[in-house]
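Chemist: Now for the letters of each chain:
Protein chains: 2
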Amino acid sequence: MTTLLDDLRALVGAAHVLVDGSGDALAGYERDWRKRYRGRSLCVVLPGTADEVAAVVRRCARADGVSIVPQGGNTGLVGGGVPDESGRQVVLSTRRLRSVRRVDADNQTITVEAGLALQEVQAAAAAAGLLFPLSLASEGSCTIGGNLATNAGGTQVLRFGNARELCLGLEVVTAQGELWSSLHGLRKDNTGYDLRDLFVGSEGTLGIITAVTMRLFPRPRAGVTAWASCSTLADAVALLRRLRAAFDAELVGCEAMNAASLSLVERHFETLRAPLPLADAAGAPLWSVLTELASPHDESALRERAEAALAASLAAGEAVDVAVAASQAQARALWQLREAIPLAQGVEGLNIKHDIGVPLSSLADFVAAADAALEAVVPGARHITFGHLGDGNLHYNLQAPAGACRL
Amino acid sequence: MTTLLDDLRALVGAAHVLVDGSGDALAGYERDWRKRYRGRSLCVVLPGTADEVAAVVRRCARADGVSIVPQGGNTGLVGGGVPDESGRQVVLSTRRLRSVRRVDADNQTITVEAGLALQEVQAAAAAAGLLFPLSLASEGSCTIGGNLATNAGGTQVLRFGNARELCLGLEVVTAQGELWSSLHGLRKDNTGYDLRDLFVGSEGTLGIITAVTMRLFPRPRAGVTAWASCSTLADAVALLRRLRAAFDAELVGCEAMNAASLSLVERHFETLRAPLPLADAAGAPLWSVLTELASPHDESALRERAEAALAASLAAGEAVDVAVAASQAQARALWQLREAIPLAQGVEGLNIKHDIGVPLSSLADFVAAADAALEAVVPGARHITFGHLGDGNLHYNLQAPAGACRL
Numbered sequence: 001m002t003t004l005l006d007d008l009r010a011l012v013g014a015a016h017v018l019v020d021g022s023g024d025a026l027a028g029y030e031r032d033w034r035k036r037y038r039g040r041s042l043c044v045v046l047p048g049t050a051d052e053v054a055a056v057v058r059r060c061a062r063a064d065g066v067s068i069v070p071q072g073g074n075t076g077l078v079g080g081g082v083p084d085e086s087g088r089q090v091v092l093s094t095r096r097l098r099s100v101r102r103v104d105a106d107n108q109t110i111t112v113e114a115g116l117a118l119q120e121v122q123a124a125a126a127a128a129g130l131l132f133p134l135s136l137a138s139e140g141s142c143t144i145g146g147n148l149a150t151n152a153g154g155t156q157v158l159r160f161g162n163a164r165e166l167c168l169g170l171e172v173v174t175a176q177g178e179l180w181s182s183l184h185g186l187r188k189d190n191t192g193y194d195l196r197d198l199f200v201g202s203e204g205t206l207g208i209i210t211a212v213t214m215r216l217f218p219r220p221r222a223g224v225t226a227w228a229s230c231s232t233l234a235d236a237v238a239l240l241r242r243l244r245a246a247f248d249a250e251l252v253g254c255e256a257m258n259a260a261s262l263s264l265v266e267r268h269f270e271t272l273r274a275p276l277p278l279a280d281a282a283g284a285p286l287w288s289v290l291t292e293l294a295s296p297h298d299e300s301a302l303r304e305r306a307e308a309a310l311a312a313s314l315a316a317g318e319a320v321d322v323a324v325a326a327s328q329a330q331a332r333a334l335w336q337l338r339e340a341i342p343l344a345q346g347v348e349g350l351n352i353k354h355d356i357g358v359p360l361s362s363l364a365d366f367v368a369a370a371d372a373a374l375e376a377v378v379p380g381a382r383h384i385t386f387g388h389l390g391d392g393n394l395h396y397n398l399q400a401p402a403g404a405c406r407l
Numbered sequence: 001m002t003t004l005l006d007d008l009r010a011l012v013g014a015a016h017v018l019v020d021g022s023g024d025a026l027a028g029y030e031r032d033w034r035k036r037y038r039g040r041s042l043c044v045v046l047p048g049t050a051d052e053v054a055a056v057v058r059r060c061a062r063a064d065g066v067s068i069v070p071q072g073g074n075t076g077l078v079g080g081g082v083p084d085e086s087g088r089q090v091v092l093s094t095r096r097l098r099s100v101r102r103v104d105a106d107n108q109t110i111t112v113e114a115g116l117a118l119q120e121v122q123a124a125a126a127a128a129g130l131l132f133p134l135s136l137a138s139e140g141s142c143t144i145g146g147n148l149a150t151n152a153g154g155t156q157v158l159r160f161g162n163a164r165e166l167c168l169g170l171e172v173v174t175a176q177g178e179l180w181s182s183l184h185g186l187r188k189d190n191t192g193y194d195l196r197d198l199f200v201g202s203e204g205t206l207g208i209i210t211a212v213t214m215r216l217f218p219r220p221r222a223g224v225t226a227w228a229s230c231s232t233l234a235d236a237v238a239l240l241r242r243l244r245a246a247f248d249a250e251l252v253g254c255e256a257m258n259a260a261s262l263s264l265v266e267r268h269f270e271t272l273r274a275p276l277p278l279a280d281a282a283g284a285p286l287w288s289v290l291t292e293l294a295s296p297h298d299e300s301a302l303r304e305r306a307e308a309a310l311a312a313s314l315a316a317g318e319a320v321d322v323a324v325a326a327s328q329a330q331a332r333a334l335w336q337l338r339e340a341i342p343l344a345q346g347v348e349g350l351n352i353k354h355d356i357g358v359p360l361s362s363l364a365d366f367v368a369a370a371d372a373a374l375e376a377v378v379p380g381a382r383h384i385t386f387g388h389l390g391d392g393n394l395h396y397n398l399q400a401p402a403g404a405c406r407l
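As given, the protein sequences belong to chains A and B, one line each in that order.
According to the working numbering, the first sequence is numbered sequentially starting from 1.
According to the working numbering, the second sequence is numbered sequentially starting from 1.
Treat the hints with care, since some could be wrong.
It does not matter which identical chain is used: a pair holds within one copy or between any two.
[What the hints assert, rightly or not] When the alpha-carbon atoms are kept at most 20 Å apart in a straight line, the in silico SDA-like pairs for lysine to any residue are as follows:
1) Lys353 <-> Ala259
2) Lys35 <-> Asp24
3) Lys35 <-> Ala234
4) Lys353 <-> Asn190
5) Lys353 <-> Ala373
Treat the hints as calculated values from the structure; they're not laboratory data.
Put together the whole structure using the sequences plus the hints.
Modeler: See below:
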């Protein structure tokens, strides 16, 4: 009787079954990006096709007490992609599923395999003159399959929605080892129950995504990036409301950051400096709002309208100071401030991450109440609060009190 | 032992349980809008609250061989909302579930009960200065619960998506008579499996939708409606591609109609006349494309850009003739032409309706192949082909050959 490992090697090729002794390679699959979770796998299997994924699932199902942990780019922050310590879990990595199967310009869709990095999907769309708008900090290494398995969000959800809303179809290997596909590229598909959305966000528990069909969009011709300081989070919400009414779908991103977040960035990255003061004249901390506009029309008109809307927000007292990036380099620098916050948190030391959704109308009240409640429990803990204001999706993170030792 | 009818009367009030002899009222629930399906119900129950719906479901579950047919505005075209002829089905109408529970302007959401007519949802959003963009011909009588149960589309799917994409949460009475709710208004909700989308489009088979939370949008400040004639459906697809690139999200609707569709309208409605000829100089039939643009900016700029894009489409040969509505009245008249097609089909006589989704890149080939195949089977049958070009969602209808008798 052959062993499970022998059979897996026969199915995907011996080079694509990693076990203890395969060298350093294994560690990258058994440990998460933050190095907070580390497990021990029975093996890591890297199938090259969806059929091989199905065969691996069927073979593992016949093995006693063996479970499968699907893994994409292994950029998750909550340990969902790494094995436990039992040594009885097979890590099934999608990294070899890397074909761009089709870019359909008329239908504005792209069909790719699950192991393609998000940035590679963006690049394939761009090569066809189109935009794939999903964008997040780990886009260089996270995979599109993982983005859908976790229903990832990112910085352009305000306009384009989460990964779920961008997805038109999936190819999935079910827990029974069957291949289920809905890669038809239809905008409207009312045939039977919506199984696609059941797999999206199910984190590999219902099946393993092997390929996806995603929506594409026209590439914008003009972009404007702006920064505003607000006295309160409620003022930031009022500013957002004004921008939505003024720009509708041209408002593609709106990020809020509290002063503590940006102070951390300035402390740890010498080249990154906020364009406006982080506190008002009286020393009270300010919220910063980073806004991204994109339009199919010309840039000068967009810039003019952005300046008019920001002037109106100053007059209304929603913002106390504003700045508009004068070049693409300045725009990139503003986004770097936002993107460097998690890195600065890591350098600073012990922290606890939360990714929360709150209705925008309750956001300011929530943060005030949660801050007060936490201060009562952990005096001196620093609130590193930032994220996607437009979606009510904040990273409500806690940093250990200054000077506290690492756990 | 009390009977089922007695118990239902006790649960919802005797006035809200209709049976044979309740007068004409019953017929409106037992027969569909097209009068093609007619059943006989055990009774029609009209609960006034979600709790009453749950109680009715639980009581019916205890009755032997009794099933429930949920019904909204009863505007469906496929018989899904009417009972069969067994006399053992309870029609559960949502027409008394009519509260607007909340309009949240900051969160841009509206929470309403399932029995509200689509037009009433639009009006409640408008009263708060916001837009609820779902729009279809039956909006005066179809209900929002039915829109979600069938994942309705409509004329603005191109920009805003189907009913599914507009929905953020549901309140549902499950088949077990339990109340399940996700009316939180969150843009991002990754808690557990996505049950919401399983209920959306399930046509009442998994549960009865009693309330919904839907996305709202800023009201556009400017609109432009245009009409174009194209020699082929492939040219119409090329025109759409140009318009998408030029206007992105400002392109909110794009409908295509073949010449036969509009000829029927002109034959049966004296006041409705297409703004451009339906055939070219050689007598070849033309496709008509109705385009709706909406912008948060000023109307003169939008009109200018629309005229420039249409001029470019003429130069490229995608369109052979174009017209831009000069007033809101003209714009409405153009949309009336589109909306009158199903009515004209009804007056003309026997017809078969299809509601199909095809990837845009295959649409022209599909219609050519299907037309040829049908002509071989039913010589002389008229192809009344029209619908939502932007979504690849066509009403591919057949009208009996001219002069054929009614079934």
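Chemist: Hint by hint, note whether the structure agrees.
Modeler: Results for each hint:
{"no.": "1", "hint": "Lys353 <-> Ala259", "verdict": "within (17 Å within a copy, 60 Å between copies)"}
{"no.": "2", "hint": "Lys35 <-> Asp24", "verdict": "within (15 Å within a copy, 71 Å between copies)"}
{"no.": "3", "hint": "Lys35 <-> Ala234", "verdict": "neither (36 Å within a copy, 54 Å between copies)"}
{"no.": "4", "hint": "Lys353 <-> Asn190", "verdict": "between (38 Å within a copy, 16 Å between copies)"}
{"no.": "5", "hint": "Lys353 <-> Ala373", "verdict": "within (17 Å within a copy, 60 Å between copies)"}
Going down the numbered hints, you'll see the structure goes against just number 3.
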